[in-house]
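Peer 1: The primary structure of each chain is shown beneath.
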Amino acid sequence: MTGPAAGAAPAAAPAAYAAAAARAPFTARARSDIAFCVLTLPLILPVPVIGFAITIGLANLAGPSWMAAGNPSWLAMLTAVAIAVLTAALMVTTGATRALAAAVRRAAGRLLAEQVTPPPPRHTRLGDGPGWRAMAYLMLKLPAGLAECYAVGVFWLAGLVNLTYPFWWLSFRNHSPGVRLSPVPVTTPFDWFGQGHFRVTTFPGTFAAFAAGAGMLLAAPWVTRGVVAADRWLIRGLLGPGRTAQRLQDLEQTRALAVDDAAARLRRLERDLHDGAQIRLATLAMNLGMARKKLGDQGEVPDLVAARELVGAAHRGAKDALVELRELARGIHPPVLDNGLADALASLAATSAIPAELAVSVPVRPTPAIETIAYFCAAELLANAAKHSQANKIKIFITERAGLLVLQVTDDGVGGAEPSRGSGLSGLAQRVAVVDGRLDIASPPGGPTRITVELPLRAGHR
Amino acid sequence: MRIVIAEDAALFRAGLVRLLEDEGHRVCAAVADGEALLAAVASHRPDVVVADVRMPPTFTDEGLRAALELRRSHPGTAVLVLSQYIETRYAAELLHGSPSGVGYLLKDRVADVSEFTDAVGRVAAGGTALDREVVSQLLAASRHAGDLDPLTPRERDVLALMAEGRSNAGIAAALVLTLGTVEKHVASIFAKLGLPASETDNRRVLAVLRYLGS
Numbered sequence: 001m002t003g004p005a006a007g008a009a010p011a012a013a014p015a016a017y018a019a020a021a022a023r024a025p026f027t028a029r030a031r032s033d034i035a036f037c038v039l040t041l042p043l044i045l046p047v048p049v050i051g052f053a054i055t056i057g058l059a060n061l062a063g064p065s066w067m068a069a070g071n072p073s074w075l076a077m078l079t080a081v082a083i084a085v086l087t088a089a090l091m092v093t094t095g096a097t098r099a100l101a102a103a104v105r106r107a108a109g110r111l112l113a114e115q116v117t118p119p120p121p122r123h124t125r126l127g128d129g130p131g132w133r134a135m136a137y138l139m140l141k142l143p144a145g146l147a148e149c150y151a152v153g154v155f156w157l158a159g160l161v162n163l164t165y166p167f168w169w170l171s172f173r174n175h176s177p178g179v180r181l182s183p184v185p186v187t188t189p190f191d192w193f194g195q196g197h198f199r200v201t202t203f204p205g206t207f208a209a210f211a212a213g214a215g216m217l218l219a220a221p222w223v224t225r226g227v228v229a230a231d232r233w234l235i236r237g238l239l240g241p242g243r244t245a246q247r248l249q250d251l252e253q254t255r256a257l258a259v260d261d262a263a264a265r266l267r268r269l270e271r272d273l274h275d276g277a278q279i280r281l282a283t284l285a286m287n288l289g290m291a292r293k294k295l296g297d298q299g300e301v302p303d304l305v306a307a308r309e310l311v312g313a314a315h316r317g318a319k320d321a322l323v324e325l326r327e328l329a330r331g332i333h334p335p336v337l338d339n340g341l342a343d344a345l346a347s348l349a350a351t352s353a354i355p356a357e358l359a360v361s362v363p364v365r366p367t368p369a370i371e372t373i374a375y376f377c378a379a380e381l382l383a384n385a386a387k388h389s390q391a392n393k394i395k396i397f398i399t400e401r402a403g404l405l406v407l408q409v410t411d412d413g414v415g416g417a418e419p420s421r422g423s424g425l426s427g428l429a430q431r432v433a434v435v436d437g438r439l440d441i442a443s444p445p446g447g448p449t450r451i452t453v454e455l456p457l458r459a460g461h462r
Numbered sequence: 001m002r003i004v005i006a007e008d009a010a011l012f013r014a015g016l017v018r019l020l021e022d023e024g025h026r027v028c029a030a031v032a033d034g035e036a037l038l039a040a041v042a043s044h045r046p047d048v049v050v051a052d053v054r055m056p057p058t059f060t061d062e063g064l065r066a067a068l069e070l071r072r073s074h075p076g077t078a079v080l081v082l083s084q085y086i087e088t089r090y091a092a093e094l095l096h097g098s099p100s101g102v103g104y105l106l107k108d109r110v111a112d113v114s115e116f117t118d119a120v121g122r123v124a125a126g127g128t129a130l131d132r133e134v135v136s137q138l139l140a141a142s143r144h145a146g147d148l149d150p151l152t153p154r155e156r157d158v159l160a161l162m163a164e165g166r167s168n169a170g171i172a173a174a175l176v177l178t179l180g181t182v183e184k185h186v187a188s189i190f191a192k193l194g195l196p197a198s199e200t201d202n203r204r205v206l207a208v209l210r211y212l213g214s
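Those protein sequences? They're chains A and B, same order as listed. Taking our numbering, the leading residue of the first sequence gets 1, the next gets one more, and so forth. Taking our numbering, the leading residue of the second sequence gets 1, the next gets one more, and so forth.
Everything labelled a hint here was simulated from the structure, so no lab data went into it. Keep in mind that a hint or two might mislead.
Not the full set, but computed from the structure, chain B residues with beta-carbon under 8 angstroms of chain A [said to hold, decoys possible]: (1) D108; (2) V113; (3) P150; (4) L151.
None of these values were measured; they are calculated from a predicted model. Just so it is clear, CB atoms sit at the ideal spot from N, CA and C, and this is done for glycine as well.
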């Protein structure tokens, strides 16, 4: 790398990082992370665990048959476990866990921008999978919530308190010389159960507390983000619709798209036939009918000139109808596709409006359905590029990678392609989604545009 | 005859104009959608309108709507509707009330120039021109199909041609029979089906269609 900009970058980077680090505690993200930790704090008391604890506590009062030498008897333990399980089951069957899960999803959506799709409505009471997964979340929220407590209570709260030491020290500790006061403890992040804090006894010592506080506050947003990330992970995994339900939802959606798409294609086909080949053939028949009349039934031809002209028109009409039908047939299924994608894409590239370069390396032939989708994707992308990109050159690249067929179409045009702008890209994405494929668009304003389509080699196999 | 044509496919429209003009008719206007058709009829007051069913902007049944509107607003103007498909429902809508001065044909029929111009002439004269496709669909769907059993095959042919709106002379030409033979067949059909004998072709079509459709 050369040039002033490249040279300046390493020098500017540390300063930029330092500024970002100094700003981190004051960002909106830090605030909403704290708000999430505080708001979901009550959830760290899982009801079944409380039930368990209360039972053990009652056993303690009940006497020696339940408690032996300070330890609960087997009977007491069993009862406590049964009560915990019953409580959990009651919470699931009443829908309480689902309600709590909804509240957590809402909080995560508002404060963490973590949008989790709610699970489908429940059908059974006790066998409610999402309800039990929500229960599992509530149990796991105990360690997760304790970690959040630690982040907020120690790093933020104690950090702030440490910062204040130098300010109140002089007003409260301005004792006369010779009077010895007990030292003041300073909380640190390593402060576990009375170990790991340090004490200050003099005013200069308070600056150590201040420094510790500043360090803790600088670290606070990152620590909070870390513990909240763990909580997010639990929320995504346990409070969503679950993998099967999500898959079902996706399938329902793509099936609806496939059905709509098929109906729309048939309608278009009928329209093309009606307005194209059919009317051409009707006109041709009409011209021949008129010509026949001009030729007369037998003997002398009444109007030879007109008859010749009409036969000529009919001949042209027949040829036009043939072209039209051929185009239409190729639009339904290009015959060259039977020879494989390489041949089909080569003939597609050869007829592209913008010069196209093709590279194919697909050792295993995908199923015909996948080949067809890949072909029409390429055709649509080429047509799109010709219409919108103002490119001079297009590269089509198709290969097999990790069991997927990867089609990449790159152009050197103006970029700015977006599915929302009705460029046919959203329709393409839908068609690809039907076979669990993916469409990825990279098209910054100013170009270049690179569109990647990933398809399974076999439709219906994930 | 003075004719207005409504057809959105330019090639076919031009062909129609030529065909009708070659036959000595005058095409006052050739338009491409229903709105323009209504306007052209209002200003030219033609004897016959030849209209396509599917036209812009909706590409559904624009032409049929316009034709029905003309049947109401200009009862004196005959309407011949052309289509690439036959829908019995459209035929029923067109014939609703009276089958006089109305026709419904497949576009394919234009290829037989004499037959087509004959249909145009028949409609203009207040008659009926119903595509044989419509008639065969009516025959197939008729609840009286069983009652047609006593008819001889020839009589069935004659019945179908009557339903298309042909005159006895037309039937005779189409089946290569003498007029007398056709008249005998017609009388026999009416007797077998228990229909009152009708004087005019129109009444006859109506009677046959009512019988098939009821």
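Peer 1: Compare the structure with each hint and give your call.
Peer 2: Outcome of the hint check:
1. D108: Nearest chain A Cβ about 6 angstroms off; hint holds.
2. V113: Since chain A brings a Cβ to about 4 angstroms from B:V113, closer than 8 angstroms, the hint holds.
3. P150: violated, 38 angstroms
4. L151: violated, 32 angstroms
Checked against the numbered hints listed earlier, the structure breaks hints 3, 4; every other hint is satisfied.
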